[in-house]
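Q: Construct all of the structure, not just a fragment, from the sequences and the given hints.
So the sequence shown is numbered by my numbering: it starts at 1 and just counts up by one.
In short, the hints are calculated from the structure, not lab data.
Beta carbons: idealized from backbone N, C-alpha and C, even for Gly.
A few of these clues could be false.
To be verified - Label pairs and their computed distance ranges (CB to CB):
| no. | residue 1 | residue 2 | range |
| --- | --- | --- | --- |
| 1 | Ile127 | His43 | 39 to 45 Å |
| 2 | Ser96 | His43 | 41 to 47 Å |
| 3 | Ser166 | Val190 | 32 to 38 Å |
| 4 | Ala321 | Thr436 | 24 to 30 Å |
| 5 | Arg309 | Met229 | 39 to 45 Å |
| 6 | Glu395 | Ala321 | 31 to 37 Å |
| 7 | Phe206 | Thr436 | 42 to 48 Å |
| 8 | Met116 | Ser191 | 34 to 40 Å |
Claimed, not checked - With a Cα cut of at most 30 Å, we get these calculated DSBU-like pairs of lysine-lysine:
| no. | residue 1 | residue 2 |
| --- | --- | --- |
| 9 | Lys349 | Lys369 |
| 10 | Lys349 | Lys364 |
| 11 | Lys364 | Lys443 |
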Amino acid sequence: MWSTVSVPSEVPDATVSKVLVQAALVPAVLALIVAAVLAIEVHSLVTLSRWVQHTDDVIATAREVQSMLIDRESTLRGYVIARSPEYLELYQAANSALPGRWEALQRLVSDNPSQMKRVAGKRQLAIEWEAYARAAIAANPRDAVALVGQGQGRRLMQELRNQLESFVRVEEGLRDERARKEQRGALRAVSLSSALLVAVAVLMAFSARRQIREVAGRFGAALRSAQEMEKLREEFITIAAHELRTPLTALLLQLQRLRRDLDRGTAVDSSALIDTPLRQARRLSSLIESLLDAQAVASGGQVELRLSRTDLATIAQASLARVRDGLVRLGCEVELRLDAGVDGDWDAKRMEHVVATLIANACKYGEGKPVQVSARREGEMRVLSVSDEGIGIPEDLQERIFGRFGRAAPSRSYGGFGLSLFVARRLAEAHGGTLTVVSEHGKGATFTLRLPRVAAPSEPIALRAPRARAAVSGKRSSASRKLHRQRTARNRLRPCGRSTATRRSSTSPARASAVATSGSPARRPRR
Numbered sequence: 001m002w003s004t005v006s007v008p009s010e011v012p013d014a015t016v017s018k019v020l021v022q023a024a025l026v027p028a029v030l031a032l033i034v035a036a037v038l039a040i041e042v043h044s045l046v047t048l049s050r051w052v053q054h055t056d057d058v059i060a061t062a063r064e065v066q067s068m069l070i071d072r073e074s075t076l077r078g079y080v081i082a083r084s085p086e087y088l089e090l091y092q093a094a095n096s097a098l099p100g101r102w103e104a105l106q107r108l109v110s111d112n113p114s115q116m117k118r119v120a121g122k123r124q125l126a127i128e129w130e131a132y133a134r135a136a137i138a139a140n141p142r143d144a145v146a147l148v149g150q151g152q153g154r155r156l157m158q159e160l161r162n163q164l165e166s167f168v169r170v171e172e173g174l175r176d177e178r179a180r181k182e183q184r185g186a187l188r189a190v191s192l193s194s195a196l197l198v199a200v201a202v203l204m205a206f207s208a209r210r211q212i213r214e215v216a217g218r219f220g221a222a223l224r225s226a227q228e229m230e231k232l233r234e235e236f237i238t239i240a241a242h243e244l245r246t247p248l249t250a251l252l253l254q255l256q257r258l259r260r261d262l263d264r265g266t267a268v269d270s271s272a273l274i275d276t277p278l279r280q281a282r283r284l285s286s287l288i289e290s291l292l293d294a295q296a297v298a299s300g301g302q303v304e305l306r307l308s309r310t311d312l313a314t315i316a317q318a319s320l321a322r323v324r325d326g327l328v329r330l331g332c333e334v335e336l337r338l339d340a341g342v343d344g345d346w347d348a349k350r351m352e353h354v355v356a357t358l359i360a361n362a363c364k365y366g367e368g369k370p371v372q373v374s375a376r377r378e379g380e381m382r383v384l385s386v387s388d389e390g391i392g393i394p395e396d397l398q399e400r401i402f403g404r405f406g407r408a409a410p411s412r413s414y415g416g417f418g419l420s421l422f423v424a425r426r427l428a429e430a431h432g433g434t435l436t437v438v439s440e441h442g443k444g445a446t447f448t449l450r451l452p453r454v455a456a457p458s459e460p461i462a463l464r465a466p467r468a469r470a471a472v473s474g475k476r477s478s479a480s481r482k483l484h485r486q487r488t489a490r491n492r493l494r495p496c497g498r499s500t501a502t503r504r505s506s507t508s509p510a511r512a513s514a515v516a517t518s519g520s521p522a523r524r525p526r527r
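A: Quick look at the structure:
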């Protein structure tokens, strides 16, 4: 059964923070809406209350004018009958206060044209009554009594009082209407506020429930992700231990054999005995390089690309030489179909790493079956394809195999960490290119590397610091030179002939290349 291991996605802190911000923001927005509605309703109530108070002021002023008119009429009648200066003083005091009250009444009803007209009519009647009063005061007592007895003043005053009563009734009607509006507004404000508060409470409850469920779901996903990561870590440790132990075991066994031979004084062919440890050391180094490359690529930063003019044919042949031993061991025949002039400006070493990975994977998953490597031009792009007739890759796994620890294999028998394709794609992208796969389960796979003629990185990706790498390389070179001097000294002390295994391992590069492409199991080196 096919399976894949991929790194589970983590729950971003920004998403959880967003949910928490929403949890605080939604109630605040709803509270602001409720406050705004209440403010509008309160402002409306305050306005209505002011109008009610205004109407009360109009009515009070009209009643005051009416009372002053009645007092003035009474004092005039008393003066005409008794001719007492005291009545005349009271009349004059009331008469001098009336104009100010008339003006106050006019100002109060200035917003109501119909009431303004009524006030003007009443004031005209008051002016006519004042003319009648002046005539009565100026006449002699007998003529004044006769003038009062005619009833002219009484009729004017009655008409004035009737109009004032009508005016007051209109104002009282306005006051009652405004009071009813005020009551309805207060009821509406209370009802609307209650409804909004209930709505806010319901919305907050639903929002809180949804947000709590969302946060709980995300934390649940984070927990599952952590559990998957723990499972992945354990599986990776198991795979890494197995992969690293295999070359180390072979290396230790060969070195122990060499130690025994040296202790016994047995003549040994140092060149033959060194081949296997060297091969296993290279394999171990390759595994460690894969781990370092994958970690560096995943950590971000910049790739140091050392661009130079090269071509895919040269890269393919150099890559084939790098994996020659593995091809011989697996019995894979590699067919090269390389067009001329498929050149470009790339980092040759990194491209060799990518192509070697593709060839090695093709042989690993299609052991004993032919592999085709082709290079061609497609417009401004340079294309290299590696096709095999191996086990193939199911469609649902064709993208996941490019992830860290992505594996598309039925078991661990194929080895590796599941990092090679992850690193290869990142290196292709660092050059501004792509690495894709087309496959069908059970019918092989074709990996296609597309590169621009001049590397144009779309996004910087880190491998590791050049200085650190140079330091490591320097240490390795020093250790290699020291080991070489020791081996040379021992060989000088114990010269010996060359065995069949030695002759096979010292095959010339040209012949080794032919062996790599022959596909003959009989030519495999001894293990």
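Q: Please go over all the hints and tell whether each is borne out by the structure.
A: For each hint, the structure was consulted:
no.: 1; hint: Ile127 x His43: 39 to 45 Å; result: holds (43 Å)
no.: 2; hint: Ser96 x His43: 41 to 47 Å; result: holds (42 Å)
no.: 3; hint: Ser166 x Val190: 32 to 38 Å; result: holds (37 Å)
no.: 4; hint: Ala321 x Thr436: 24 to 30 Å; result: holds (26 Å)
no.: 5; hint: Arg309 x Met229: 39 to 45 Å; result: holds (44 Å)
no.: 6; hint: Glu395 x Ala321: 31 to 37 Å; result: holds (34 Å)
no.: 7; hint: Phe206 x Thr436: 42 to 48 Å; result: holds (46 Å)
no.: 8; hint: Met116 x Ser191: 34 to 40 Å; result: holds (38 Å)
no.: 9; hint: Lys349 x Lys369; result: holds (27 Å)
no.: 10; hint: Lys349 x Lys364; result: holds (22 Å)
no.: 11; hint: Lys364 x Lys443; result: holds (15 Å)
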